[in-house]
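Q: If you read the protein sequences in the order shown, they are chains A and H.
Sequence positions in the first sequence follow my numbering and run 1 to 366.
Sequence positions in the second sequence follow my numbering and run 1001 to 1320.
Any given hint could be a false lead.
Reference listing, derived: stretches of chain A covered by chain H, where coverage requires no fewer than 3 residues with Cβ under 8 Å from a Cβ of chain H [unchecked claim]: (1) 43-53; (2) 64-73; (3) 92-103.
Honestly, the hints are just simulated from the structure, not real lab data.
As the structure is a computational prediction, the values presented were derived from the model and not from experiment.
Using N, Cα and C, we set each Cβ at its ideal position, and we do this for glycine too.
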Amino acid sequence: MAQIDMRNVQKFFGANQVLKDLDLTIEDGEFVVMLGQSGGGKTTALRAIAGLETVTSGQILIDGAEMQHKKAADRDIAFVFQSFSLYPHMTVRENISFPLRAVRLGAADREKAVNEVAEVLQITEHLDNKPSALSGGDMQRVAIGRALVRRPKALLMDEPLGVLDAKLREQMRAEIKRLHIARGSTSVYVTHDQVEAMSLADRIVILHDGVLQQVGAPEEVYLHPTNAFVAKFVGSPVMNIQDAAFSGLNGSSAVHIGGAQSGFHFPEQLVNHVRNTGQPISLGVRPEAVLLSHEAQDGYLAAQTSNIEPLGSHDIVDVLVGETVLRARTESGFVAREGQQVFVNIDPAQAHFFDGASGLNLREAN
Amino acid sequence: MAGVQTSAEKWTNRTAIAAVFVALIIMLTPIYWIAATAFKPRNLATTIPPTVVYEPTVAPFVKLFTKRSQLREQPTQEEYDNAPWWEQMVFDGGEKVVRNRKSGEVRSSGYGDRFKNSLIVSVISTILAVGMGTLTAYGFSRFKVAGEDDWLFFILSTRMLPPVVVAIPMFLMYRVVGLNDTHMGLIILYTAFNLSFAVWIMKGFIDEIPREYEEAALVDGYTRIQAFFKVVLPEALTGMAATAVFCFITAWNEYAFALIMTNRNAQTAPPYIPSQVGSGLPDWTVIAAGTFLFLIPVAIFTFLLRNHLLRGMSFGAIRK
């Protein structure tokens, strides 16, 4: 097991810079998920750690040793591909033992290691089949088995569940987590699925346009996003982010969105630092922090509901505020139909203000 | 609607089957003709209208492999009775088998040697062309090569001149370096000629093999050359088989260079067979026998590789 360090890593494809000054330390035994949109640089970062991609400048250290000029074979790292990449001409057993043959391990030891891994992954019965005879989930188990059998310093996974269907993905997610807890291997996992990231990660690394946006534990990234990109990318449904205007005096102030006449009341100390900057400011609030009521209450604004998405455990309700829409999370059946009159408020403690130009979270900056 | 056909569909089907049948007859008739002529007595080979029913004989094959001369006088009954059955066949045709004066051994016609030359030259040049072509294609497929498209076009352009255009200059050069009438000379020529084709076809096949296979092998501790042999090559076998069939057929059937570059030692079968037309009256049955045998290796080779070919012809359309 190992610690992985990326220092000032830059990567150009021609004139196109895909990694910009990437600095990241992955601790021994940690499960780190790199999250971002496609083209955000996360896969390139992973391949750079593995040695499948050279870096233009910067250092990659594994257990303190410089690796950026070493071949992939010399880094003692395992890689799981989205396409599984099982060799079609070999049986499952041959596939799993393939990395062991590279280090010229004896046949008996090889057999023992393969059986052990197969047992952990519950693929013993498939060992003599060709990969093409397996289901998608079993193929991925074999791919993970091939990665783990050598007991590598670190396990890198590039969207390993990307091609599986939703149900299987959830199941494999749980298995990967179980496996990580059992083996404690340093793992780096790339995905664009924030649910996967939240459920698996010790820490989430969010990359956008080759720039590191935020590194933190899942709840930290969720509750304290450093900027509007992270805020929007993490969490489902997406955080409401609206252009905001300010009014009010005397220890209480109001935040207006969508050009509405009346605003939401915020304690003065929460808006002090943003109301007079002269910059455009956005208000960000997650759907669960949008409060709905059937009766008029102090601080609640009258509003119409529009679209309702019933999700079983809860509903997502669109509420028209001024000319804009706030999405609210309610208990299921709270709003019976579209066009119903409700009263809406925002929990100021869960609200974020973002700089309209840079997207930075201004409360964080304070 | 499974099992239910409208009458229009039925007629479309029947027309299609009829068309295939006609096409088959047109294509198979020459092959039948060669095979039939190879087993005919000489006097029936050129009858008009053609003889369809006859008693087959292997005399053309006996004549094909032996050196013969015209009989000046009929053999005595004793000579005839003492001769083996195949020699009697030659006597029946008005010729006699030429024997070595001292040892009495039958002298061969040279067809066997020509056939062997064809095999040597075709097999070796096919192995070389497919092997080098696969490596080159792998390089073009996996690495950034400066001016890649230009290189590939250049490689293809070597195939653009008709061989006869370069045959004379090649012959002059070969004579200077002593490569004319050698196996090596023909092998080099055919390899060069097939290489461009092999590179292009194999590039298509290797492009279809996901890079992740090699990358997986690379992170699992293999060098690139090991990854190539253990992972890429087994996946490329289908394509190599298809390419090999094409290269083999090209080399096997090649006539122009073989005619110009070789005469005795390294001559292949294609220029030899028609040369038999010229000695005395043409014996079409012997020529047919030579051609018939000449068809067999390609048929066997293609038959052995048929499973690979069927998969290979789809050019990776099937996701493996």
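Q: Going through the earlier hints one by one, which of them does the structure break, listed in rising order?
A: none
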